[in-house]
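With the sequences and hints as input, model every part of the structure.
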Amino acid sequence: MGNQMKVGIGTAISRVDGREKVTGAARYAAEYVVPDMLYGVIVSSAIAKGSITAIDEDAARSVPGIVEILSHKNRPGEAWFDRSYKDELNIPGTPFKALHDSTILFSGQPVAVVLGKTFEAARYAASLVAITYQEEAHNIDFAVSLAEKFLPKKKRNTYHPPKTRGEPDKAFDAAALQLHEEYHLATEHHNPMEMHASTVEWHGDGRITVYDKTQGSQGVQAYIASGFGFSKKDVRVVNAYVGGGFGSGLRPQYQTQLAVLAAKKTKRSVRVVMTRQQMFTHAHRPECTYSIKLGAETTGMFTSIYGDATTSTSRFENNMEDIVTWGMMNYASPNAGGEYTVAPRDTYTSADMRAPGAATGMTLFEIAVDEMAYKAKVDPLEFRTINYSEIDAMNELPFTSKALREAYREGAKAFGWSRRTPEPRSMTDGRELVGWGVATGMWDAQFSKTSASAKLSANGHLEVACATSDIGTGTYTVMTQVAADTLGLSITQITAKLGDSDLPTAPVEGGSWGAASSGAAVQLACQAVGKKLFKAAKGLEGDPFGAANFDDVEFVDGHMKLKGSDVAGVPLTTIMRSSGENSIEAEETASSGISGMISMMKKARNTHSAVFVEVKVDEDLNVVRVTRVVNAVAAGRIINPKTARSQILGGVVMGIGMALHEETFADVKLGRWMNHDYAEYHVPANADIYDIEVLFVDEPDPEVTPLGVKGLGEIGIVGTAAAVANAIYHATGKRVRSLPITIDKLLELEK
Amino acid sequence: MPTLTASRPLPAEASRPIDTIPITLTVNGSVRRLQVEPWTTLLDLLRDKLDLTGTKKGCDHGQCGACTVLIDGRRINSCLTLAVVRDGCAITTIEGMATGADLHPLQAAFIEHDAFQCGYCTPGQICSAQGLINEGRATSRDDVRELMSGNLCRCGAYTNITDAVMDVLQAEPAR
Numbered sequence: 001m002g003n004q005m006k007v008g009i010g011t012a013i014s015r016v017d018g019r020e021k022v023t024g025a026a027r028y029a030a031e032y033v034v035p036d037m038l039y040g041v042i043v044s045s046a047i048a049k050g051s052i053t054a055i056d057e058d059a060a061r062s063v064p065g066i067v068e069i070l071s072h073k074n075r076p077g078e079a080w081f082d083r084s085y086k087d088e089l090n091i092p093g094t095p096f097k098a099l100h101d102s103t104i105l106f107s108g109q110p111v112a113v114v115l116g117k118t119f120e121a122a123r124y125a126a127s128l129v130a131i132t133y134q135e136e137a138h139n140i141d142f143a144v145s146l147a148e149k150f151l152p153k154k155k156r157n158t159y160h161p162p163k164t165r166g167e168p169d170k171a172f173d174a175a176a177l178q179l180h181e182e183y184h185l186a187t188e189h190h191n192p193m194e195m196h197a198s199t200v201e202w203h204g205d206g207r208i209t210v211y212d213k214t215q216g217s218q219g220v221q222a223y224i225a226s227g228f229g230f231s232k233k234d235v236r237v238v239n240a241y242v243g244g245g246f247g248s249g250l251r252p253q254y255q256t257q258l259a260v261l262a263a264k265k266t267k268r269s270v271r272v273v274m275t276r277q278q279m280f281t282h283a284h285r286p287e288c289t290y291s292i293k294l295g296a297e298t299t300g301m302f303t304s305i306y307g308d309a310t311t312s313t314s315r316f317e318n319n320m321e322d323i324v325t326w327g328m329m330n331y332a333s334p335n336a337g338g339e340y341t342v343a344p345r346d347t348y349t350s351a352d353m354r355a356p357g358a359a360t361g362m363t364l365f366e367i368a369v370d371e372m373a374y375k376a377k378v379d380p381l382e383f384r385t386i387n388y389s390e391i392d393a394m395n396e397l398p399f400t401s402k403a404l405r406e407a408y409r410e411g412a413k414a415f416g417w418s419r420r421t422p423e424p425r426s427m428t429d430g431r432e433l434v435g436w437g438v439a440t441g442m443w444d445a446q447f448s449k450t451s452a453s454a455k456l457s458a459n460g461h462l463e464v465a466c467a468t469s470d471i472g473t474g475t476y477t478v479m480t481q482v483a484a485d486t487l488g489l490s491i492t493q494i495t496a497k498l499g500d501s502d503l504p505t506a507p508v509e510g511g512s513w514g515a516a517s518s519g520a521a522v523q524l525a526c527q528a529v530g531k532k533l534f535k536a537a538k539g540l541e542g543d544p545f546g547a548a549n550f551d552d553v554e555f556v557d558g559h560m561k562l563k564g565s566d567v568a569g570v571p572l573t574t575i576m577r578s579s580g581e582n583s584i585e586a587e588e589t590a591s592s593g594i595s596g597m598i599s600m601m602k603k604a605r606n607t608h609s610a611v612f613v614e615v616k617v618d619e620d621l622n623v624v625r626v627t628r629v630v631n632a633v634a635a636g637r638i639i640n641p642k643t644a645r646s647q648i649l650g651g652v653v654m655g656i657g658m659a660l661h662e663e664t665f666a667d668v669k670l671g672r673w674m675n676h677d678y679a680e681y682h683v684p685a686n687a688d689i690y691d692i693e694v695l696f697v698d699e700p701d702p703e704v705t706p707l708g709v710k711g712l713g714e715i716g717i718v719g720t721a722a723a724v725a726n727a728i729y730h731a732t733g734k735r736v737r738s739l740p741i742t743i744d745k746l747l748e749l750e751k
Numbered sequence: 001m002p003t004l005t006a007s008r009p010l011p012a013e014a015s016r017p018i019d020t021i022p023i024t025l026t027v028n029g030s031v032r033r034l035q036v037e038p039w040t041t042l043l044d045l046l047r048d049k050l051d052l053t054g055t056k057k058g059c060d061h062g063q064c065g066a067c068t069v070l071i072d073g074r075r076i077n078s079c080l081t082l083a084v085v086r087d088g089c090a091i092t093t094i095e096g097m098a099t100g101a102d103l104h105p106l107q108a109a110f111i112e113h114d115a116f117q118c119g120y121c122t123p124g125q126i127c128s129a130q131g132l133i134n135e136g137r138a139t140s141r142d143d144v145r146e147l148m149s150g151n152l153c154r155c156g157a158y159t160n161i162t163d164a165v166m167d168v169l170q171a172e173p174a175r
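Sequence order for the protein chains is X and E.
Mapping to the working numbering: the first sequence position 633 is 633, numbers consecutive.
Mapping to the working numbering: the second sequence position 31 is 31, numbers consecutive.
Worth flagging that the hints you see were computed from the coordinates, not collected in a lab.
In silico BS3-like cross-links for lysine-lysine, where the CA-CA straight-line distance does not exceed 25 Å:
hint, chain 1, residue 1, chain 2, residue 2
1, X, K97, X, K267
2, X, K73, X, K86
3, X, K117, E, K49
4, X, K531, X, K455
5, E, K49, X, K267
6, X, K154, X, K97
Which chain X residues stay away from chain E? Per the calculated CB distances, all over 12 Å, these:
hint, residue
7, E88
8, A143
9, K170
10, H203
11, N395
12, E406
13, K413
14, N459
15, G539
16, G542
17, F545
18, A547
19, N549
20, E554
21, S578
Quick caveat: nothing in here was measured; it's all calculated off a predicted structure.
Every residue gets a Cβ at the ideal spot worked out from N, C-alpha and C, and that includes glycine.
So, in structure tokens, the structure goes:
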């Protein structure tokens with residue numbers, strides 16, 4: 001390398017969008033300046049189920065500056081068929097259509113939008129819209145809804161039914177050690193810091209530009225086109241900056257529908273922003289109950305695994321998750337099986353939230369594993385290695401790679417696990433009980449067909465572009481690094497563009513496939529530009545590359561040079577000049593291809609992690625502090641250790657929230673969420689978070705995805721809450737099987 | 001089940017026009033003479049009227065800290081103060097932290113330590129950290145963690161935020 005800083009794959013560079021974010025220059029969905037725009041404020045249903053019988057708008061309409069009030073009575077026409085409202089996730093059922101008719105399906109459902117010249121006028125007027133409802137009996141109590149649980153006939157396409165092996169019931173009955181317990185996870189809300197917002201710019205010629213809080217601009221574009229009577233080419237969706245998602249922006253949320261309907265009605269630009277309270281009226285992680293039966297030999301070897309789980313959904317759609325499969329895949333028990341159902345309640349449909357299914361199913365299972373380790377009197381880490389499976393034990397497939405053993409080893413070493421004394425309540429620090437717990441994490445390493453373009457200008461500047469999203473994941477930086485690596489450029493010579501439906505095709509940002517997929521697409525596009533450059537270099541004076549083939553050259557420090565040569569080569573700008581072109585561009589699509597698809601059927605692809613947690617528990621007050629976390633992650637190749645570490649830190653923090661804080665309480669009488677704000681729905685604050693160490697274990701895997709990248713957005717949360725729960729048990733001897741572990745639950749066990 | 005009817009306010013009461021009040025604010029060093037409706041929060045004034053959208057709205061209830069700005073050097077949730085009551089005050093927002101192209105040390109430290117992911121809480125975190133430094137109360141990591149806890153970060157960048165703030169705190173004694 002020359003004197004330029006190394007910036008390619010594997011380098012811990014700072015985020016390329018950092019300056020925009022720390023100076024306030026980054027604009028989010030509600031921050032685009034659009035002339036003559038109306039502010040829309042949403043009126044939410046006061047009841048959970050029934051219908052609207054009357055809307056009195058007189059007072060609201062008399063507020064100066066109010067232009068229109070939109071409700072089911074006067075909304076513009078929209079598509080008739082349910083299929084027109086299907087989004088990329090394609091959840092089976094009837095998609096929610098805002099302002100469609102007088103029916104109320106859930107508390108907080110948007111029933112009107114007040115449009116004013118100022119936000120303040122619209123907000124005031126919204127408080128004056130007087131709605132009369134006919135109420136019907138409702139239920140949002142998960143425990144009550146279990147009476148109606150069922151397995152939907154039409155499955156969600158991401159759902160994997162548990163595959164039974166052996167005879168789990170018989171093996172359980174015969175097992176020397178038995179565990180049969182119920183585990184539970186509370187309803188959680190995503191609560192990204194940025195509230196869902198849409199700014200619709202009405203161009204007046206049939207075109208609209210929608211600045212939307214979404215994890216997928218092209219998904220929203222297609223959705224608006226099919227549902228709201230636009231031609232796809234007339235709808236542009238921009239999400240250049242997204243203030244967090246965690247899954248809440250995978251589906252178009254109702255503010256998008258409302259803003260588009262309002263713009264159509266008024267033929268003006270409209271902005272609709274949810275309140276924090278309204279952020280509790282859509283996506284949420286389903287509540288879950290999970291009955292786990294484990295059988296083991298006295299040595300701790302599993303003989304049987306059986307899980308029966310139910311998660312919550314709405315009355316109008318069947319959201320499904322993989323809950324019971326994770327334990328069956330991860331552990332080498334000869335007998336395993338499971339059942340899964342959903343239970344409908346009168347809320348909005350539950351949704352994918354960071355590691356959907358695994359964050360619930362793997363985490364709860366890992367608490368049961370800890371319990372069985374104690375029954376077998378085996379160290380919990382040792383117990384996991386005794387039952388280690390080299391293959392995906394449920395699907396009986398080898399992994400493309402699985403460095404979980406190394407993660408256990410390196411994590412344990414960094415944590416100091418060997419100094420742990422096994423008995424509960426055996427470690428103390430002053431007046432606090434100390435507990436050390438461990439858990440395993442597992443998530444999918446997915447890849448999704450993605451396109452990208454690359455354009456090298458005559459001045460040597462490269463622009464790479466892809467319609468993917470950066471929801472804090474570091475996608476701008478990853479795209480830039482892959483491009484720098486492929487064409488030997490510095491960061492300042494590259495601009496990465498994303499978050500715009502006009503750009504080359506990309507799926508919604510989710511499932512941890514973003515870096516692997518958009519990275520691969522950018523690499524292909526840059527390689528194609530490289531090939532064109534090589535062709536152009538044939539015309540250089542003196543023919544410096546002579547008879548060389550493309551494979552004989554490399555791109556280093558802004559030059560094209562012969563591999564292994566000491567000569568710097570030819571600057572790309574010189575090649576550009578001699579080509580006479582203003583720019584050289586290429587667009588390429590990364591897909592798994594036939595070999596990839598065959599590999600997918602023959603091999604399992606997953607990330608793994610080993611999470612070690614120290615808690616300190618005040619014996620008198622039962623206050624729990626998570627004082628130390630080591631998360632050792634096996635996730636293939638790491639493109640940027642700095643942003644990768646942040647992804648894991650974020651997952652761990654949300655996992656601590658799952659363990660100790662996060663719970664949306666149902667007011668079963670009113671049929672609404674009680675704690676619908678940041679004061680009452682607790683997410684971890686800075687003071688809740690102590691030391692977190694992230695390790696990436698070496699796991700070369702050229703087969704899993706084109707770049708060998710597995711993705712990191714979700715693995716950090718999986719298992720973390722179990723490690724906390726297990727540490728609390730070790731500290732206190734109290735086994736809490738319902739997350740979050742709040743003080744009241746610990747106090748209850750003292751009785 | 002019963003019919004639920006909301007109370008109906010009188011249109012005559014609702015239709016009263018809102019008078020504006022003249023105020024003068026010094027925003028990031030520039031004197032701004034403004035006509036402001038009394039029901040406009042400082043946050044909405046900054047974002048909607050002055051196009052200073054770096055200050056974020058995360059809850060509008062003083063619960064998340066995303067809207068933190070500095071008023072006469074003190075950190076404050078701008079969603080919880082009406083603009084008119086700040087007549088005569090000097091306000092610093094995230095847009096006023098850098099000096100030309102030179103980033104403020106906190107801004108540079110946040111980038112260096114990757115103290116954000118989505119970036120939405122970041123302007124509030126940085127303004128809050130400057131307020132914390134001005135207060136001169138924090139000396140240790142534990143102090144910073146505690147005294148920065150009014151600024152939520154859902155991406156979970158807390159350890160990096162604390163690292164970034166500690167860097168600047170140690171380099172720059174209280175003023």
